[in-house]
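What follows is the residue order along each chain.
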Amino acid sequence: MLEHYLPIFMMILGGVLFGIVMVKLNEWLGPRRPTEEKLTTYESGMEPVRTARERFSVKFYMVAVLFILFDIEVVFMYPWAVAFRELGIIGFVSMTVFILILLIGLFYVWRKGALEWD
Amino acid sequence: MATEIVLISLLKILVVVLTILTCVVFLVYIERRVSAFVQNRVGPNRTGPYGLLQTVADVVKLLMKEDIVPRNAYKAIHDLAPIISIGVALSTFAVIPIGDTIELFGRQIKLIIADVNVGILYILAITSLGVYGITLAGWSSNNKYSLLGGLRSSAQLISYELSMGLSIVGVLMVSGTLQLDKIVQHQTTYLFGWLPAWNMFLQPIGFITFVTAAFAETNRLPFDLPEAEPELVGGYHTEYTGLKFGLFFLAEYANMITASAVITTLFLGGWHLPYVEYVGLSSFILSLVYVGTFCVKVAAVMMFFIIIRWTLPRFRYDQLMNLGWKLMLPITIINVLLTGIVLLILH
Chain A
2 MLEHYLPIFM
12 MILGGVLFGI
22 VMVKLNEWLG
32 PRRPTEEKLT
42 TYESGMEPVR
52 TARERFSVKF
62 YMVAVLFILF
72 DIEVVFMYPW
82 AVAFRELGII
92 GFVSMTVFIL
102 ILLIGLFYVW
112 RKGALEWD
Chain B
392 MATEIVLISL
402 LKILVVVLTI
412 LTCVVFLVYI
422 ERRVSAFVQN
432 RVGPNRTGPY
442 GLLQTVADVV
452 KLLMKEDIVP
462 RNAYKAIHDL
472 APIISIGVAL
482 STFAVIPIGD
492 TIELFGRQIK
502 LIIADVNVGI
512 LYILAITSLG
522 VYGITLAGWS
532 SNNKYSLLGG
542 LRSSAQLISY
552 ELSMGLSIVG
562 VLMVSGTLQL
572 DKIVQHQTTY
582 LFGWLPAWNM
592 FLQPIGFITF
602 VTAAFAETNR
612 LPFDLPEAEP
622 ELVGGYHTEY
632 TGLKFGLFFL
642 AEYANMITAS
652 AVITTLFLGG
662 WHLPYVEYVG
672 LSSFILSLVY
682 VGTFCVKVAA
692 VMMFFIIIRW
702 TLPRFRYDQL
712 MNLGWKLMLP
722 ITIINVLLTG
732 IVLLILH
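Taken in sequence, the protein lines are chains A and B.
Start counting the first sequence at 2; every next residue gets the next number (the working numbering).
Start counting the second sequence at 392; every next residue gets the next number (the working numbering).
Careful: at least some of the hints might be erroneous.
[Unchecked claim] Some chain A residues flagged as far from chain B (calculated, every beta-carbon gap over 10 Å):
| hint | residue |
| --- | --- |
| 1 | E48 |
| 2 | K60 |
| 3 | Y109 |
[Unchecked claim] Here are the simulated SDA-like pairs of lysine to any residue, each with C-alpha atoms no more than 20 Å apart in a straight line:
| hint | chain 1 | residue 1 | chain 2 | residue 2 |
| --- | --- | --- | --- | --- |
| 4 | B | K456 | B | Y513 |
| 5 | B | K717 | A | L67 |
| 6 | A | K113 | A | K39 |
| 7 | A | K25 | B | I399 |
| 8 | A | K39 | B | M455 |
| 9 | B | K501 | B | I399 |
| 10 | B | K501 | A | L70 |
| 11 | B | K717 | B | T568 |
| 12 | B | K573 | A | I21 |
| 13 | B | K573 | B | V624 |
| 14 | A | K39 | B | V624 |
| 15 | B | K456 | A | K113 |
| 16 | B | K466 | A | P49 |
[What the hints assert, rightly or not] Reference excerpt, derived from the structure (chain B facing chain A, CB under 8 Å, subset only):
| hint | residue |
| --- | --- |
| 17 | P461 |
| 18 | L582 |
| 19 | D709 |
Honestly, the hints are just simulated from the structure, not real lab data.
The beta-carbon is built from N, C-alpha and C at its ideal position, and this holds for glycine as well.
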């Protein structure tokens, strides 16, 4: 079991290490001449107006919440899809009911206007 | 035994990572040359023969640049974000089968870094982590453009992840496994005795939706709204300089390679070259042919990515979200039901 997952951990470790080494190498090789203007936030050459820590559109939260709902339902489909042949007609009918409920949810969200971006 | 596994894995990882990085270097070059060709320009042709060393020169230049962190930025996360991006981009490749088994020094070696039985779940899980790199980069910069780019990007990535996950469900129903190696094995048979049983033919709707979602997941045009230069300057990496910017750039192209490899594995038959098993090659040559086939297929998909980028205009944000939620999501759900009905009729 572990021998299957060990290479994955090594790969992730390798990828992250590569990133760290590159960032450190850049810090070491690059010059360091900070000036007042260089360190201000870039706003197309204008004086920055306030910070970026402000409220933003609620729609982004909406998408995130909807994503969690639907993604969990997609995850439920994976084991069903793998075992589809063994489950046969009963499995298919149960999943159809499940998907219908999912579609009703999608339709409700749609009608409520949560998917509108204008 | 344990040290042997570690050594072999280390060797495989080294080869794969180095290959990906080399591919990225040439991919950037090819992209610039193709874009020049499409727009009737010359493109980079001065550094090295035919300009082949242009990207190498760019990377060296980025290495020597000053690493500027704006005063208002959150330094720790600002540093962390590109590392997450590149780490995620490089580690996705761990479960992709590059070829069949190969016999080297009297040992059967599987040409896959980690042959886990939840391969697809691993890919989905790791690619979801990629959202963190972009969102954190946008947030920590404390720049309005970056924040907007990061937010748009995270909304886009999670929206299309749904359709991506659902398009794979059809493939899973056909092949009945989550293991990528087995999915490729399943595609080595023939339909009607002559047509390769690639999932592209078995799952045409799933194939189209998956490729579309892959475009969105890799932030490529027509879905490159996170960067949308005319509106957002540079998007989430506006405040990045030097190699930290370079790492985002690298991660983007590494993601493109991974996406092409996943498309190849899931839908285009993976490493298998149709009819080659009838030629009667020795097993060693056959393994090499399979690896070559895999590379050619991945290269072809990447070429498709590049040409699409320089052919289509960018979506508006509302069009993008409408496409994701109102078209792709219902289509992929219906595709799951259709696949189920067809499979039930056939058995």
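Here is what the structure says about each hint:
The beta carbon of A/E48 is kept farther than 10 Å from every beta carbon of chain B, the shortest such distance being approximately 13 Å. Distance check for A/K60 against chain B: the nearest CB is about 8 Å away, which does not clear 10 Å, and the non-interface claim fails. Under the 10 Å C-beta cut-off, the non-interface status given to A/Y109 relative to chain B holds; the minimum distance is some 13 Å. A distance of roughly 36 Å separates the Cα atoms of B/K456 and B/Y513; the hinted pair therefore is violated under the 20 Å criterion.
A distance of roughly 13 Å separates the Cα atoms of B/K717 and A/L67; the hinted pair therefore holds under the 20 Å criterion. A C-alpha spacing of about 46 Å is found between A/K113 and A/K39, which places the hinted pair above 20 Å, so the restraint is violated. Between A/K25 and B/I399 the alpha-carbon distance is near 29 Å, which puts this suggested pair outside the 20 Å criterion. Using a Cα cut-off of 20 Å, the hinted pair A/K39 and B/M455 holds, with the two alpha carbons roughly 17 Å apart.
For the proposed pair B/K501 and B/I399, the alpha carbon gap of about 10 Å is at most 20 Å, so the pair holds. Distance restraint check for B/K501 and A/L70: the Cα-Cα separation of roughly 38 Å exceeds the 20 Å cut-off, and the hinted pair is therefore not satisfied. With a C-alpha separation of about 29 Å, the suggested pairing of B/K717 with B/T568 is violated against the 20 Å cut-off. For the given pair, B/K573 sits about 35 Å from A/I21 by alpha-carbon distance, which is inconsistent with the 20 Å threshold.
Of the supplied pair hints, the one linking B/K573 and B/V624 is violated, its CA atoms being roughly 45 Å apart against a limit of 20 Å. About 17 Å separates the Cα atoms of A/K39 and B/V624, which keeps this hinted pair within 20 Å; it holds. Distance hint between B/K456 and A/K113 is unfulfilled; the C-alpha atoms sit about 50 Å from each other, more than 20 Å. As the CA atoms of B/K466 and A/P49 are separated by approximately 19 Å, the hinted pair is consistent with the 20 Å bound.
Here the hint on B/P461 is kept, as its CB sits about 5 Å from the closest CB of chain A, short of 8 Å. Hint on B/L582 is violated. Least Cβ distance to chain A is approximately 18 Å, over the 8 Å limit. Hint status for B/D709 relative to chain A: holds, with the closest Cβ pair at about 4 Å, below 8 Å.
In this structure, the earlier hints numbered 2, 4, 6, 7, 10, 11, 12, 13, 15 and 18 are contradicted, and the remaining ones agree with it.
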